[in-house]
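Trainee: Working from the sequences, and respecting the hints, build out all of it.
Protein sequence lines, in the order shown, are assigned to chains A and B.
Counting in the numbering used here, the first sequence runs from 6 upward without gaps.
Counting in the numbering used here, the second sequence runs from 956 upward without gaps.
Treat the hints loosely; a few may be bogus.
Unchecked claim - Simulated restraints, written as ranges between beta carbons of each label pair: (1) A:E23 with B:S1035: 46 to 56 Å; (2) B:E1021 with A:G45: 21 to 31 Å; (3) A:E58 with B:V1038: 44 to 54 Å; (4) A:S60 with B:S983: 18 to 28 Å; (5) A:G21 with B:P1069: 41 to 51 Å; (6) A:S71 with B:G984: 26 to 36 Å; (7) B:S1035 with A:R85: 27 to 37 Å; (8) B:K1024 with A:V17: 39 to 49 Å; (9) A:N56 with B:S958: 23 to 33 Å; (10) B:S981 with A:D67: 20 to 30 Å.
Worth flagging that the hints you see were computed from the coordinates, not collected in a lab.
A virtual CB, placed ideally from N, CA and C, is assigned to each residue, including glycine.
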Amino acid sequence: EPEVTQTPSHQVTQMGQEVILRCVPISNHLYFYWYRQILGQKVEFLVSFYNNEISEKSEIFDDQFSVERPDGSNFTLKIRSTKLEDSAMYFCASSELISGTAYEQYFGPGTRLTVT
Amino acid sequence: AQSVAQPEDQVNVAEGNPLTVKCTYSVSGNPYLFWYVQYPNRGLQFLLKYITGDNLVKGSYGFEAEFNKSQTSFHLKKPSALVSDSALYFCAVRDGGATNKLIFGTGTLLAVQP
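Mentor: Written out as structure tokens, the structure reads:
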């Protein structure tokens, strides 16, 4: 069964450093998403991406964040200058379009980002 | 604004007994409702969805959920619990076609005792 994959599984970085989290969505899916879950809190939406552009973003997704689909298979989340409060589990998800609508989202295993 | 409430942090049930994990929601438009399960060190795994149609929807691993519009609820159920069902369960909602953004509940830990 096709799965969303994410690398790395755990990333430790120093405050102020740039990090890139990588995801390979399911191959025939066209909608891509990033969510995050701070320890002990809810899973929160960050951004959705379709047709090579951001379709929706949350207030969390400020200028420090960017997303990119650099090739036909990868989808990345970049945090330009990490802060301590960026420490969280980051989930990538993808969904297919059925008659122009995206329904269920399939999630990857997550990347645990620790900012020290 | 969209929101989801899972009123129970933990549900305990004996193996073989029926289980219910509760979820209530609030959206301004038509709700698209989802249940996900998370096992330790794994991602969120899709279980089932309600978009339209029959109020009782069936999903993976014998789970089902009942949509109740008047009570704005979407409770997850299973007739006979297994120890292997023990995991963290998340309810999620989106506001129909207006957005693809999922709003998640806080999660309910299901513990099935042998």
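Trainee: Sort out which numbered hints this structure fails and list those numbers smallest first.
Mentor: 7
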